[in-house]
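Asks: These are the residues of each chain, in order.
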Amino acid sequence: MTTTVEAPPGGAPERTSRVAAPLGRRVLLAVAAPLAAAVFALLVSSVALLASGNPPLEVYSKMLTDGTQLRSVLITINNAVPLYLAGVAVAIGFRMALFNIGVEGQYALAALLAASVGAAVQLPGALHIGLVLLVAIAVGASWAGVAAVLKVTRGVSEVISTILLNVIAAGIAAFLLAEHLQKRVEGSNNSATPPLPESARFPNLNGLLDGLGITAPQGTNLGGFVLVAIVVGVLYWVLVNRSLFGFEMKAVGINPFAARASGVHTKRTTVITLLLSGGVAGLVGLAQVLGTSYSYGLSFTAGLGFTGIGVALLGRNSPIGIAFAALLFAFLERSSSTLQFIDVPTEIYVIMQGAIVLSVVVAYEAVRRIAATQAERAVRHATEEIAA
Amino acid sequence: MRRSATGRLRLAAVLTVASLGLLACGSDSGTETAEPAASSSAGGAESDVRVGLAYDVGGRGDRSFNDAAAAGLDQAKTELGVEGQELSPNAQGTDRGDNLRSLAEEGYNPIFAVGFAYAEELGTIATDFPETTFFIIDDSSVEAPNVKGLVFAEEQGSFLVGAAAALKSTTNSVGFIGGVQTPLLEKFEAGFVAGAKQVKPDIELQTAYLSQPPDFSGFGDPAAGQEAANGMFDAGADVIYAAAGGSGLGVFQSALANDALGIGVDSDQYESIGASNPELQPVILTSMLKRVDVAVFDALQAFVRRRGDPCRHDLRPRGRRRRLLHLRWPGRRHRRAARGAEGADRQRRDHGPQHAVADRSPRGRRTLPVRRPLR
Chain A
1 MTTTVEAPPG GAPERTSRVA APLGRRVLLA VAAPLAAAVF ALLVSSVALL ASGNPPLEVY
61 SKMLTDGTQL RSVLITINNA VPLYLAGVAV AIGFRMALFN IGVEGQYALA ALLAASVGAA
121 VQLPGALHIG LVLLVAIAVG ASWAGVAAVL KVTRGVSEVI STILLNVIAA GIAAFLLAEH
181 LQKRVEGSNN SATPPLPESA RFPNLNGLLD GLGITAPQGT NLGGFVLVAI VVGVLYWVLV
241 NRSLFGFEMK AVGINPFAAR ASGVHTKRTT VITLLLSGGV AGLVGLAQVL GTSYSYGLSF
301 TAGLGFTGIG VALLGRNSPI GIAFAALLFA FLERSSSTLQ FIDVPTEIYV IMQGAIVLSV
361 VVAYEAVRRI AATQAERAVR HATEEIAA
Chain B
1 MRRSATGRLR LAAVLTVASL GLLACGSDSG TETAEPAASS SAGGAESDVR VGLAYDVGGR
61 GDRSFNDAAA AGLDQAKTEL GVEGQELSPN AQGTDRGDNL RSLAEEGYNP IFAVGFAYAE
121 ELGTIATDFP ETTFFIIDDS SVEAPNVKGL VFAEEQGSFL VGAAAALKST TNSVGFIGGV
181 QTPLLEKFEA GFVAGAKQVK PDIELQTAYL SQPPDFSGFG DPAAGQEAAN GMFDAGADVI
241 YAAAGGSGLG VFQSALANDA LGIGVDSDQY ESIGASNPEL QPVILTSMLK RVDVAVFDAL
301 QAFVRRRGDP CRHDLRPRGR RRRLLHLRWP GRRHRRAARG AEGADRQRRD HGPQHAVADR
361 SPRGRRTLPV RRPLR
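As you go down the protein sequences, you meet chains A and B in turn.
Take the first sequence: its letters are residues 1 to 388, numbered as in the working numbering.
Take the second sequence: its letters are residues 1 to 375, numbered as in the working numbering.
A hint or two may mislead.
Rough simulated footprint, nothing fancy, chain A against chain B, three-plus residues with beta-carbon under 8 Å [as the list claims (entries may be wrong)]:
hint, region
1, 78–87
2, 95–103
3, 111–122
4, 140–154
Honestly, the hints are just simulated from the structure, not real lab data.
Don't be surprised by glycine CBs; every beta carbon is placed ideally from N, CA and C.
Generate coordinates for the entire structure from the input sequences, incorporating the hints supplied.
Replies: As structure tokens, then:
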């Protein structure tokens, strides 16, 4: 937009200064959005804290002191991993304006089948883990593929189909677990798949920490699955920023008709995007299955698919942004646990999460509109000047 | 149709008494609390015991399972003078293990893990903190000397309300609505079905669950409960047992609209729901109380007094249980007397989950004809 302002030739000194001003303002605007969001989120959280009878400053300082302890940092990173994967899965869809709400069902089904396959076979270490990962990706992708096929052949909105597929996936997973895949343990009220053999368990990174001179506190590990998240993040970055397909995705997302007119195969792009999104979604539950619980059971974490939508929104679909968003969510989650020691109700963190997501979305939209109005005004001024 | 209020009350009274009897525990406490040493140490409301309590998802205030555990802790605070720290997991329950570990690290002892979902991580945590005693509710699978499982015979209380439902049904058709289809809830269902069939073998039974794991929303979704109940009432049922936590409210609302009856669970819902919705009281026939509060309080009392063992909570009369215990540990009191209090304490720790006694006894199996749950 501002390029239009600079476009007219013959730069009078007076005009250059006027062009420079919006540039400075643009930098200001870029900082304004996250800043305004942070201030607003803090404000809402403080009001919530005050309303529940807790001094906000004391709470925030407790969050910081507890949250920066090594154990909390490790737990935060571990909990951020599935959130990050869920965020990336949703963001891949967002890139071409596809709303994959089905991450929830995709990862539950994928984790169940991957855990069962992993427990049923015997393979040497890396191969075993590789097989489990592959099964999870395949299951997640095929479940998303159902929505993709419905969309391109029948024009069913992926919003509707993925929501409904969530319900079906939950039913199938519960049925398979209860009737076929579970192994009951005497005296337990849990129902879970048989435990994964040693070879399928993802190694933790405590050795790496030791190498850095950090000793992980007893009972807390740095889960190895963080590596998978990093790899997925890098691949996602390459996909959206450095690949033709990423460009096509974006083109279809912005204007499918224009994209088709310029030779993009929109249906194929839609299918591949949803498959990729579902494949990444399939990995979400594996941090738990391969890293901590070694089985899929009743205590399997549900709801990450929906949290992932918030993470993707907060991270604004960028690989780095989603990482920060996932870490922030995991940090708040961890705080909700430690804050209970000073009698802060655990629901506060849900309020904080909501406040942050809302204020970020609102702030960026507000700033975008302000920037658009200013650009418009600048263009008008410039054209008036030329006319004069 | 109008139901006789006195009939309802009489039945409710019988069942309330029955449910209070759910605590047939305390092992040999019947004789031992009579000892002067025990009464003097237990009478005072002063104690340096700091209790940690980690709830399951929902936390304090769910008007159901977690609140029952909270009630047990509250009672122990006033009567035993213990201190308590409570932690609730986040909505997804991802920090259950972390919470448990935090409590252990802060030095709380004993620590309660409220819910079978803790079993997975409790094993390793208990090994890391061998000096801490852990109690886990609804699970007896954790094998560690410092872990005790508090389990309940949910099917027995459900058997009673099943019989009550069948007796009150005029259409010869009753229903069961479970919150989430888990093995634990299927025990409720099995007991209810068996109880109803015991009274009327030809009774028609409908069952439904509101959600499937790992989606646990069925315990807090009154709208879903109402819808499921509407369907059952339409199909001819006139008494429904709602073993569905917070979703029970919707079942009672549906019962009111359909001029039928509902049966509550976990707390006396005639009182707890009646407090906010008095119009629903006439349709609440009775409630099946699992008495998690009694289990928690009892375990704490046993811990504070350094004697007795919490165990499986069921409807068995006290006398028989004592005999069972003596079968398992002959001469136990004898040895304890010889060793003194310290020895008894060590012995208490070494026992492991004692409920296994009741679980494995042939008698326990015979009391209840367990039938395959209907689908």
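Asks: It remains to establish, for every hint, whether it holds in the given structure.
Replies: Hint check results:
1. By the rule of at least three residues with a Cβ nearer than 8 Å to a Cβ of chain A, the coverage given for the region 78–87 of chain B holds, with 3 such residues.
2. Only residues whose C-beta sits within less than 8 Å of a C-beta in chain A count toward coverage, and the region 95–103 of chain B has 7 of them, enough to reach three; the restraint holds.
3. Look at the region 111–122 of chain B against chain A: 5 of its residues bring a Cβ nearer than 8 Å to a Cβ of that chain, three or more, so the hint holds.
4. For the region 140–154 of chain B, the assignment as covered by chain A holds, since 4 residues bring a beta-carbon within under 8 Å of that chain's beta-carbons and 3 suffice.
When held up to the earlier numbered hints, the structure conflicts with none and fits them all.
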